[in-house]
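*Asks:* Given the sequences, and given the hints that come with them, work out the whole structure.
Sequences listed follow chains A and B, in order. Numbering-wise (the working numbering), the first sequence opens with residue 5 and increments by one. Numbering-wise (the working numbering), the second sequence opens with residue 422 and increments by one.
Keep in mind the hints are simulated off the structure, nothing from the lab. Bear in mind the structure is a predicted one, so any value in this text is a computation, not a measurement. Among these hints, one or two may not hold up.
[Said to hold, decoys possible] Just some of the chain A residues that point at chain B, by a computed CB distance under 8 angstroms:
#1 Ala22
#2 Val25
#3 Val33
#4 Asp96
#5 Thr99
#6 Glu100
#7 Leu101
#8 Gln102
[To be verified] From the structure, some residues in chain A lie toward chain B, with a derived Cβ separation under 10 angstroms:
#9 Met26
#10 Thr27
#11 Pro31
#12 Val34
#13 Arg54
#14 Arg88
#15 Val95
#16 Leu98
Glycine included, every Cβ here is placed at the ideal spot set by N, Cα and C.
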Amino acid sequence: MNIGWYLAVSAIIFTLGAVGVMTRRNPLVVLLCLEMMLNGGNLALIAFSRMLGNGDGQIFAIIVITVAACEVCIGLGMVVAIFRRSLPIDVDELTELQG
Amino acid sequence: MSATTFAWLVLAFPLAGTIIIGLGFRRWPGQVAAWIATGAIFLSFLAAVATLIKLQGLTPIHRQLTSSLWDYAVTVGINARMSILVDPLSVFMILVVSGVSTLIHLYSISYMRSDRGINRYFAYLNFFVFSMLLLVLAANFLLLIVGWAFVGAASYLLISFWYRRKTATQAGIKAFVINVVGDVGLVLGTFFIFKHTHTLDFLGSFAAARHGAFGAGTNNGDLVAGCVLLLVGAFAKSAQIPLHTWLPDAMEGPTPVSALIHAATMVTAGVYLIARMHPLFERAPAAQDVGAVIGVLTLFIAGTIGLVVTDIKRVIAYSTMSQIGYMIMAVSVGAYSAGLFHLMTHAFFKALLFMAAGSIIGAMGGEQSLNKMGGFRKALPFTYACFIIGGLALSAIPPFSGFWSKDDILLMVGERGGWHWALYGLAYVGALFTGIYTFRMIFRAFHGEPVPEARELIEHGHLYHPEHPFNPNDGELEDTDVGFPGPEHVIAEREPQMKIAMGLLAIGAIFLGFLQIPRVTSVIDNFLAPSFTDSRLYNLHTQTANLDVGLLLSTVIGLLGIFIAYMVWIRHPGSSAKFQARFGAIYQLLSHKWYFDEAIDILVLRPGAWTGRFAQQTFERVVVNGTIVDGTTGIVRAGSAAVRSLQSGFLRYYVALLVLGAAGVAFYFLLQT
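*Replies:* This is the structure we're talking about:
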């Protein structure tokens, strides 16, 4: 099968994730969309790895998954902290870091 | 011990005196510090005599010794050493400086007795003597400049010694500023010379000049520039036109200070400088001519001003300027030994005149105006005698010392021939003025009707004390806490120290001239000769064609001056007022001191002040503050406001920018391929 299909799927997933990050206001959903973006990238890495016949891309994908796990850990922790402080669960309301 | 060891001791004693008095200046009781200071200078004088004896023990060609204590910086092209040059010229100077200083210290012990600042005074005075000795002993330009600046500083400190007098502090500032102009000239001149000789040593520089550092001929451009700049230094220090205006104002200092610094020693530094630099000046005849012309102008102009000034100390100050004009002229035309001889005799009779003036000022309770003096002859017989001796020496009446030295100068100037005859003529006119203003001062202060202060002294035998001490210059009430006119005044008649000092100076003023009488003795000539072996002009005055005429002319002119003064102020009192009315324009010119202060005000001070105001009000406010500083902050503020508005805090907005950016980069690379 042509690699183009794999890349197309990967791009679609990535774009969906990016659009989700930009449009959704619930931090949980934003985190989910981030995961989609990362996994879109992972798919492309693995596809190239198969095409070229060596494992480098797969190792990259594993590293990305590890980073994603860390990031989710922190992100969910922040969501829980926001919830506990009974702040609004809405990224547009959380604008204290403006210049 | 060798001559140089003694010369180091000459320097060491006054320095030690300064430090000892300075360290304990709050604690020394009474006149202890004064005696320490006097002793230090006296020891210095003894060491100077020892140096002289040791130096005379050497054969004449070996009488140029240098000695170095340590090196400051010695590398290729620079040799800055703490070194002194002991030769007849410097030994001559240290003898004059330390000798006269000893007597003036002695005089000061009495004169400054009731001043609360007496310890400060003697610390300054010792510091001055140290600086002056450093100046004359220096063996390189570096130490010369250090000594030069030190004496300027000491002069400043002593002029504004009574620092609560506003006039005194202003005079001190004026003296300091003008002297710094001279210092700048000296430093720049040194650069011009150093550029070619590549050494700071005097002897090294002279040798380099001899071996053609400035080309084979004379009047090399850089050498003339350097010598003229050295002359600027000499003019400022020696109060020559147009840098002379500080000297009359410097009379604000205590009278012994005027005697020591502003008559006998410091102001002659310029004369010493030109004599010391003679190998350079003789290769730059243009610079020599500048010196001679300025010298003769100064002696003439100062003489005319001396005719109308009424402050007794200022009369003597203008006479000092005038006499230093003679010396500057002498050393500029190559009459080195004559100029230095006059320097020595002048140190004696001028210090004597100042001391006598101090005594009469004491009798007047601080008043210095000749208009208020009169008839002190019986009240102050000793002072009167000293004044007469000093006055006769100053007016060049034989056989007093000033006659021989001044005549030596005039003879040498005439000997040069050519246009120097103009100098010769003007110098004789100046000599006539000298006689007139000197005896005008004596007749007005000592003859005529006794003023109440004099009568009080004669009839009741006690000194006049003003009820409220005041500054004689502006009539302001004085704070006697700082000193003079202070609780006590002194007159020489009642103070043994003052009497001894003045008596010794009077003896010097009478007899020192016998050191060099034409055809009879030539002690000064022979003594100084080893310092001037390479001079073309030194032994010029062997011809004696004009000698007898010159001697006779000097005598006649001196006596004529005294006779005129006698006719005007004794025989026909009131005739001076008639002269003032008749020659109103000239009187105005003279009483405004030829408008030098006004000219300097217009030419230098006002443009300077205007530039300063322009720089402050226009340039600084508009250009510096308005444009440069405010412009920079404005740009930074506007830029940061723009960047700040991007930081909205909206997460989704950031993400959108990020995605857009990434997409932009991606598109860029896609389009590239």
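*Asks:* Now tell me if each hint is right for this structure.
*Replies:* Checked hints:
| no. | hint | verdict |
| --- | --- | --- |
| 1 | Ala22 | holds, 5 angstroms |
| 2 | Val25 | holds, 5 angstroms |
| 3 | Val33 | violated, 12 angstroms |
| 4 | Asp96 | holds, 6 angstroms |
| 5 | Thr99 | holds, 3 angstroms |
| 6 | Glu100 | holds, 7 angstroms |
| 7 | Leu101 | holds, 5 angstroms |
| 8 | Gln102 | holds, 3 angstroms |
| 9 | Met26 | holds, 5 angstroms |
| 10 | Thr27 | holds, 7 angstroms |
| 11 | Pro31 | holds, 9 angstroms |
| 12 | Val34 | holds, 8 angstroms |
| 13 | Arg54 | violated, 23 angstroms |
| 14 | Arg88 | violated, 20 angstroms |
| 15 | Val95 | holds, 5 angstroms |
| 16 | Leu98 | holds, 7 angstroms |
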